[in-house]
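**Student:** For the sequence shown, the working numbering begins at 1 and goes up steadily by one.
Derived by calculation from the structure, the hints in this document are not laboratory data.
Do not rely on the hints blindly, as some may be mistaken.
[Said to hold, decoys possible] Think about it this way: if two alpha-carbon atoms lie no more than 25 Å apart in a straight line, the pair counts; the simulated DSS-like pairs of lysine-lysine are:
#1 K60 - K82
#2 K96 - K82
#3 K60 - K96
[What the hints assert, rightly or not] Restraint-style ranges between C-beta atoms, simulated for each label pair:
#4 T79 - Q37: 29 to 37 Å
#5 E58 - Q83: 21 to 29 Å
#6 E58 - E36: 27 to 35 Å
#7 Q37 - G95: 35 to 43 Å
#8 G86 - W43: 32 to 40 Å
#9 T51 - A75: 13 to 21 Å
#10 Q37 - K60: 25 to 33 Å
#11 E36 - K96: 24 to 32 Å
#12 Q37 - K96: 32 to 40 Å
#13 A41 - S94: 28 to 36 Å
Every value quoted in this text rests on a predicted model; they were computed, and no experiment measured them.
Just so you know, even glycine gets a beta-carbon here, dropped at the ideal spot from N, CA and C.
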Amino acid sequence: MTSPVNDAAATSALASYRTFAEGLPQGGRIERHVHEQDQLAVWRRHSRLLTSLTLLAEGKSIATAAHAVGYDSTAAFGTAFKQCFGVTPKAYASGKPAKT
Numbered sequence: 001m002t003s004p005v006n007d008a009a010a011t012s013a014l015a016s017y018r019t020f021a022e023g024l025p026q027g028g029r030i031e032r033h034v035h036e037q038d039q040l041a042v043w044r045r046h047s048r049l050l051t052s053l054t055l056l057a058e059g060k061s062i063a064t065a066a067h068a069v070g071y072d073s074t075a076a077f078g079t080a081f082k083q084c085f086g087v088t089p090k091a092y093a094s095g096k097p098a099k100t
C-alpha cells in the first residue's frame, strides 16, 4: 500500500505532465514537438550561415559577420561554418577552394 504523500506527489506530477502536454502541438506528442524544434534549429542555423556568406562576400570581417548573424564567438562561428560548407570562413572570404 502506498502512502497518501506518495499518492499526492504522483497525482501532482501526472497533472503537471498533462498540463504541459496539452500545450504541445498534435495533442501532446512530445516526440513530434521535439523533432519539429530540432528541424527549426537546423533551419535557423543554415539561414544564419547563408546570411554570413553574403556578408563575407561584401568584404566584412569574419568577426563582424559572426556577430551579425548571432554568434558570440568567432570560434563557434568558424566551426559551424566549416561543418556546413566544408571550408573555413577565412578560406571562403579569400576565395581559396576547399581542400578535398
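**Student:** Within 29 to 37 Å: is that where the Cβ-Cβ distance between T79 and Q37 falls?
**Tutor:** About 22 Å separates the Cβ atoms of T79 and Q37, which means 29 to 37 Å is violated.
**Student:** Could you tell me whether the CB distance from G86 to W43 stays inside 32 to 40 Å?
**Tutor:** About 19 Å separates the Cβ atoms of G86 and W43, which means 32 to 40 Å is violated.
**Student:** Does K60 pair with K96 here, judged by a C-alpha cut-off of 25 Å?
**Tutor:** Distance of about 17 Å is within 25 Å: holds.
**Student:** Does 24 to 32 Å hold as the CB distance between E36 and K96, or does it fail?
**Tutor:** violated (38 Å)
**Student:** Regarding the pair K60 and K82, is the alpha-carbon distance no greater than 25 Å?
**Tutor:** holds (18 Å)
**Student:** The hint says 27 to 35 Å between E58 and E36; measuring C-beta to C-beta, is that right?
**Tutor:** holds (34 Å)
**Student:** With 32 to 40 Å as the target window, see if Q37 and K96 comply at their CB atoms.
**Tutor:** holds (36 Å)
**Student:** With 35 to 43 Å as the target window, see if Q37 and G95 comply at their CB atoms.
**Tutor:** Check passed, 37 Å falls within 35 to 43 Å.
**Student:** Note whether the CB distance of T51 and A75 lies within 13 to 21 Å or breaks it.
**Tutor:** Once the Cβ atoms are compared, 19 Å apart, the range 13 to 21 Å for A75 and T51 holds.
**Student:** Could you say whether the range 28 to 36 Å given as a hint is met by the Cβ separation of A41 and S94?
**Tutor:** Check passed, 30 Å falls within 28 to 36 Å.
**Student:** Assuming the hint says 25 to 33 Å, is it satisfied by the Cβ distance from Q37 to K60 or not?
**Tutor:** With Cβ atoms ~30 Å apart, the hint holds.
**Student:** Just to be careful, I want the Cα atoms of K96 and K82 compared with a cutoff of 25 Å; is the pair within it?
**Tutor:** holds (13 Å)
Going down the numbered hints, you'll see the structure goes against 4, 8 and 11, while the others check out.
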